[in-house]
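A.B. asks: So the chains spell out like this:
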Amino acid sequence: MNDLTSAFATAIDLIIALDAELLAIIALSLRVSLTAAVLAGLIGLPLGALIALSAFPGRGAVIAVLNALMGLPPVVVGLLVYLLLSRAGPLGELGILFTPSAMVIAQTVLVAPIVAALTRQTIADLHTEYDEQLRSLQLRRWESLVTLLWEGRFSLVTALLAGFGRAIAEVGAVMIVGGNINHVTRVMTTTIALETSKGNLSLALGLGFILIALVIVINAAALGVQHIAQRAQG
Amino acid sequence: MTAATPRQSILPLELRGVSLSRGGRALLNDVSATLQANGRTLVMGPNGAGKSLLMRLCHGLIAPTTGEVVWAAERRHAQAMVFQSPVLLRRSALSNVEFALHAAGVRDPERRERAAAALQQAGIAHLAQRQARVLSGGEKQKLALARAWAIRPEVLFLDEPTAHLDPSATYAIEQLIRSIDDSGTKIIMSTHDLSQAHRLADEVLFLNQGRLAERAEARAFFEQPQTRAAQAFVNGELYWE
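Line order of the protein sequences matches chains A and B.
Quick note, our numbering runs 50 ahead of the 1-based positions in the first sequence.
Quick note, our numbering runs 8 ahead of the 1-based positions in the second sequence.
Pulled out of the complex, with its shape left as it was, chain A reads as follows (with noise of 0.2 Å):
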C-alpha cells in the first residue's frame, strides 16, 4: 500500500516538475506509437475490408489466422523485424536498427493485424446491411469498399484505439529494437523496465500510473470526437 502510495507521489512530482527528460520520453513514446497505428490503419483498413468483402478459397483460414495475429508476442515480432534489420539482415543497409524507425516497424507488425481483424469484422456486418443497396447502385468493387470503410469510421475509430493502445502498452518488441538507449529510443514502457530492474519500484510506478494516464486521456478525446459526430450524423 505504502509503495502504491509513494508511487502515486511520485508520479505526481514527475508531472508538476515537467522534467525534460521525462517530457522527452513522454514525446518519444507517443511520436512512435501513433505514428506506428497511423501506419497499421494505412495497412490494416483497407487489408481487413478487402477480405470482408472478397470470397476465395481458403478464407476462413485467412480469417482465423489473422484472428490469431492479434495475439502476436511483442518479443516475437521484435526479434524478427531485429533480424530483418540487422547488420546481415535483408533490409540492414537501412542502418535503422536501435533508432525510433525501428520501433516504429515492430510496433505497425504488432498492430496492423488487430487493426485488420477489427476492420474485417466491422465491414462484413455492414457489408449484410449494406450489400444490395451498394450493387444496385453498381458501385465497383473498389468503391463498395471506400464507402463501407466510411459507413464504418465511428466503429473503426475504436479499432484504432485498440492498435494504439496495444502499441503504447508493449515493451518486449521496442526493447529488442530499440535497444532502450537514452535520449535516443527510450521510451515510457522501456523506462519503467529498466527502473524495476534497478530497484527503484516507486518511480517505475509513477511512469506506469503516467502511461495509463496518458492512454486514457487520448481514448477519452477520441472517443469524446466520435461520439460528438455519431450524434450529429445520426
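Please keep in mind that the hints were generated in silico from the structure rather than gathered at the bench.
What you are looking at is a predicted structure, and each value in this text was computed from that prediction instead of being measured.
From the three backbone atoms N, C-alpha and C, an ideal C-beta is built for every residue, glycine too.
Warning: the hint list may mix true and false statements.
Claimed, not checked - Partial selection, computed: residues in chain B whose CB lies under 10 Å from chain A: (1) Pro20; (2) Gln87; (3) Pro94; (4) Leu96.
Unchecked claim - Ranges of calculated distance between the beta carbons of each label pair, as one might list FRET restraints: (5) Leu273(A) <-> Thr235(B): 57 to 65 Å; (6) Arg236(B) <-> Trp200(A): 45 to 53 Å; (7) Gly25(B) <-> Ala118(A): 45 to 53 Å.
Given the coordinates of chain A, work out where chain B should sit on it, guided by the hints.
C.D. replies: Frame of chain A, contents of chain B only:
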C-alpha cells in the same frame, strides 16, 4: 457542341424460363414473361410467392439457377431499385442522392442540381441537410425514391415500398410513384396489398409458390381472375394447393 447520344431503350425486359433454387428447394419456377415500356406493372402474390426474388433477379442482384433475364440494351445505370427497408448512408439526405449520382457518373455542378431537384420533386427539399438515418420511415422511403429517381432510370423496381408505412405516408409514396411514372420511368413494383394494387396497377403479374400463375391487365385480373389461387387471393380467402 454536339448533342448527347440518346440512350438506347433497355426495354422490353424478357424473362426466359427463369428458375431459382436454394438448398434444393425451387423458389422460382420457370417464369417467362416480356415486360414492355408502357404501364405500371405490379408483381403480386402471397407472402413467400417469390415476388422480391423476382424483382432482385430482374435487377441483376441475384442470378437465376436456370433461364435468362434479357434486356434490350446495356442496362448499367438505366435501372434502379428501392427496397422495402431503405438503406441510407450515414450522411445528409442531399449527400445520399449525390452519392447515387456520383456512382452513376454524374459530375458537379450537374450532380448537386439534380440531387436538389430530386429532393424537391419528392417533397423533402426542406430535409436536404438533415442526417438521413434520423428521418422518419416515410421520409426515408421518399429519400430512397428521390435517390433512385435522380439517376433518371428507364426502369424502377420497387419492392413493397410502403410495407412499413402508415396510410398517410403510403399515400404520399404512391403520389410520388405516379409522378415518377409520369416522368416516363417504367415502374415494376411488388406488393401484396390489394387496395394499393387497385390504385396503381396497369397490369398484374400474379405469382404463387414461385410460379407465374397469371398475367393480366389490372381490371381483368381483379374482376375475373383466371386461376383458383388468384381468385382466392383477390377475394381474401385462404388457399392451399
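A.B. asks: Run every hint past the structure and note whether it holds.
C.D. replies: Each hint, compared with the structure:
no. : hint                                : result
1   : Pro20                               : 21 Å, violated
2   : Gln87                               : 9 Å, holds
3   : Pro94                               : 8 Å, holds
4   : Leu96                               : 8 Å, holds
5   : Leu273(A) <-> Thr235(B): 57 to 65 Å : 60 Å, holds
6   : Arg236(B) <-> Trp200(A): 45 to 53 Å : 52 Å, holds
7   : Gly25(B) <-> Ala118(A): 45 to 53 Å  : 48 Å, holds
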